[in-house]
Amino acid sequence: MITVYDIPSSAQAFFPTQWVEWPDMAEVFGPLNAPSTWTRKDGSPGYSVPVIHDEKTGRTISDSWKIIQYLEEEYPETRRLIPKGARALMGVFVESFEDTIDRSGSWEPWTLPATCKILHSKSAAYFRMTRERHVGKLEDLVRSEEKEGKWAAFEKSFEWIEGKYKEAEGTYLMGEQVTFADIVVISWLRWLKVIFGEDSERWKDISERFSGGQWGKLIAGQSGYITVVE
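Numbering (our numbering), first residue to last: 1433 to 1662.
Derived by calculation from the structure, the hints in this document are not laboratory data. A couple of the hints might just be wrong.
[Claimed, not checked] Below, a list of computed lysine-lysine pairs in the DSSO-like style, where the Cα atoms sit at most 27 Å apart:
(1) LYS1649 - LYS1596
(2) LYS1588 - LYS1649
(3) LYS1498 - LYS1596
Produce the entire structure from the sequences given, and follow the hints as far as they go.
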């Protein structure tokens, strides 16, 4: 059995999950010997989710990229998301995609306050405290007079990934085959859908207007692979 560890929120789970509040990660993941994903200023290990623990092998894996590599090596009979010979390319794409978002500087004003709202109270308090040390009050990141311009900058940050899909010879980045690179993009989009709300004007703008509605179609095409765990 493989246990997935994630942060509880108002979002639905799509697989059996062990929930871990944000400030409790070190207490939970330390005894599991989960590899840290970053280092705090005091030198102590920092953790992030997702994390998986595989009872079959006794191994605990952190970081999505390392998790998918482990699963494909340990369970080769399952559907592959990293095509043979494409591991390095997958890694470069994911790193470039996430760097593009980070460098744009246009996501945090929108996503930080929205993320805080969907977390349970314990994680929300920790999230707010640690983020506001660096950016100030979350609700002040986008003032009313700045919303239009900052939303335009947010939309512009999608141009790089839109270009990659236009270059693709099919629905997905490698034609008609869904790969880990597509899963990363879809996961980011699903996160935006959850934090803004499916019926919100922000999500409708992203899914129906940004890039000609491409992102809503990309997510809709994956609905058959999603099972909600009650």
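Evaluation of the provided hints:
For a cut-off of 27 Å, the pair hint linking LYS1649 to LYS1596 stands: about 16 Å separates their Cα positions. For the hint linking LYS1588 to LYS1649, the alpha-carbon distance of about 19 Å falls within 27 Å, and the restraint holds. Straight-line distance between C-alpha atoms of LYS1498 and LYS1596 comes to about 23 Å, which keeps the hinted pair within the 27 Å bound.
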